[in-house]
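Listed below, chain by chain, are the residues.
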Amino acid sequence: MACLHDHSCEDHDCSADWSLYKHIDISKVTALNEAVPGSVKSVFKAWEQRLSSSEEHLESNEGDPELLVFIPFTSDVKIKSISIVGGAGGTSPSKMRAFINRDGIDFSDAQSMQAIQEWDLAENLQGVLEYQTRYSKFQSVASITLHFPENFGGDTTQIQYIGLKGEATQLRRDVVATIVYELMPNPSDHKAQAEGGGGLSHVE
Amino acid sequence: MVLEATMICIDNSEWMRNGDYAPSRFQAQADAVNLICGAKTQSNPENTVGILTMAGKGVRVLVTPTSDLGKILACMHGLEIGGEMNLASGIQVAQLALKHRQNKKQQQRIIVFCGSPIKHEKKLIEMIGRKLKKNSVALDIINFGEQDDGKIEKLEALLAAVNNNDTSHIVHVPTGSSALSDVLINTPIFTGDGEGGSGFAAAAAAAAAGGLSGFDFGVDPNLDPELALALRVSMEEERARQEAAAKKATEEAAKQEKGEGQPSGTQDAMMTERANVATSEVDNKANDLMDDENALLQQALAMSMDDPDSGHETRDTDMSDAAADDPELALALQLSVQDGTKDSSSQSDLSKLLADQSFVSSILASLPGVDPNDPSVKNLLDSIQSQTEVRASNLSSQQKNEEKEPKEDEK
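As given, the protein sequences belong to chains Y and B, one line each in that order. Sequential numbering from 1 applies to the first sequence in the UniProt record's numbering. Sequential numbering from 1 applies to the second sequence in the UniProt record's numbering.
Watch out, some of these pointers could steer you wrong.
As the list claims (entries may be wrong) - So, partial list: chain Y residues that the calculated Cβ filter (under 7 Å) puts toward chain B:
| no. | residue |
| --- | --- |
| 1 | 32 |
| 2 | 33 |
| 3 | 37 |
| 4 | 103 |
| 5 | 104 |
| 6 | 106 |
| 7 | 183 |
| 8 | 184 |
Unchecked claim - Listing some non-contacts, in silico: residues in chain Y with all C-beta distances to chain B over 10 Å:
| no. | residue |
| --- | --- |
| 9 | 22 |
| 10 | 25 |
| 11 | 29 |
| 12 | 52 |
| 13 | 56 |
| 14 | 57 |
| 15 | 61 |
| 16 | 78 |
| 17 | 88 |
| 18 | 90 |
| 19 | 97 |
| 20 | 139 |
| 21 | 169 |
| 22 | 188 |
| 23 | 191 |
Worth flagging that the hints you see were computed from the coordinates, not collected in a lab. Built from N, CA and C at the ideal position, the CB exists for glycine as well.
Take the sequences, apply the hints, and build the full model.
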């Protein structure tokens, strides 16, 4: 596997750099215009597995190459660069636009809003290309939204892997969002605790 | 318990004045909207619902998505009917209203009541559907009211364009006796995509199904097994009592030489049994009230049948239902009403009719629940025949005696 930087991979482990996927809040990742709901979660994986096409990948609907991916993090991160592995046959995305710390963006918003940064992508089937960010703007990112407006002429857009390189801080941008509250008690929300068994509580 | 923001698009066009859904199409729609709002807010307290109207002067948002049920119900008052429905604008405005919802975590859903013809092209409708799907907005379509050619096709195309993983639905509500809300309660629009539904939806469904053929006696055996059992037992006892009464009537009628008494007796048994299924005592009371109508009806029937001896007084019998239904039945009943009058001419008419075996069997065949091939009925017919002959011979002997006496007197 050739890396962009010219040294062989035996010396240092590239996968350590691309470890920001561990800080992604996978359950809250969403995508718009995906053909299979929930398939977007499969594109965030370890560096070594970025080319394994046996698993699912993210695909847009027939005849509509636009994709919008919303990625929230569990803590604030600093993003240095992004790597995208697309599909073959013209289904790789050709442009990427990023928005930071905004949720609930849909296609009309994405098309009208000014992105924080835009890139022109090349077909990157081997996963060797990475796209650097303007680091000063990506310093405390709680969520990033990636908009792929076009592809290389295919009917649909396929994305196999999205890699993020950077650092995770221990800070959290928006503390209120982590509170869980209930207006009405709902037993199905408490399954995890119930599975622990009806243990007795000790009072000593 | 899906967290959802819903926009309901109401059709308040001129077509909603029609009364084919009781009490009027618009009222049926309003009831359905109230039910939907209740179900949504109950299934998850953080759900929000908004309302907009599609006709009138233009598409107008009455209330933006809110969880305050009172506000929603209040805005349903004073809605005016008029104009033409604009489906495309309505859906687009609903999508815009959902986009600006306060809680971005809510799923987006639009519910459209489509009661008037659609004037847009199919392509435009499909494009709107695709745009909704792209922005992951689910759509529920309720098709009722006017059905013109192409409307169903357009709506199905819209559903196909929008549907993503079966989150969108379409419901066709035909005109009929059941209310719009009752039909909707059993659909996924209420029960929420097969998750098991909310308590509200389930309870409402059970209540509605009690009125339909879902449960016997209007009581859910799951909810109240003792009551259901008691009702069933009492129904069977009543049926047994009715059959016993019918048998007694059969025997008495056979003795009384009145054949028609039998069919009408069994008819009464059937009728009252049928009446029991609905409302037993109420029906009998209604019979008392309908005596005047009965008299007029029988007079009219008599005149139409050209029977000279139809000097009917009102008879207090359980024949009001039967008389209204079947002219042959009415004839049979009318003949039975003439029990009291021992008029010889009417007797002969009677016997002539009775002698007409085919006529009697046709009457019996038209009676519900009477099988002409039933052995008991056959026995009855035979007995009637023999009675007819006996009576005829009695009659002729009577007449002979009468003739003899004057002759003797003359002597």
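Hint by hint, here is what the structure shows:
no. : hint : verdict
1   : 32   : 6 Å, holds
2   : 33   : 5 Å, holds
3   : 37   : 5 Å, holds
4   : 103  : 5 Å, holds
5   : 104  : 3 Å, holds
6   : 106  : 5 Å, holds
7   : 183  : 4 Å, holds
8   : 184  : 6 Å, holds
9   : 22   : 24 Å, holds
10  : 25   : 13 Å, holds
11  : 29   : 14 Å, holds
12  : 52   : 26 Å, holds
13  : 56   : 15 Å, holds
14  : 57   : 18 Å, holds
15  : 61   : 7 Å, violated
16  : 78   : 25 Å, holds
17  : 88   : 24 Å, holds
18  : 90   : 20 Å, holds
19  : 97   : 17 Å, holds
20  : 139  : 24 Å, holds
21  : 169  : 24 Å, holds
22  : 188  : 7 Å, violated
23  : 191  : 13 Å, holds
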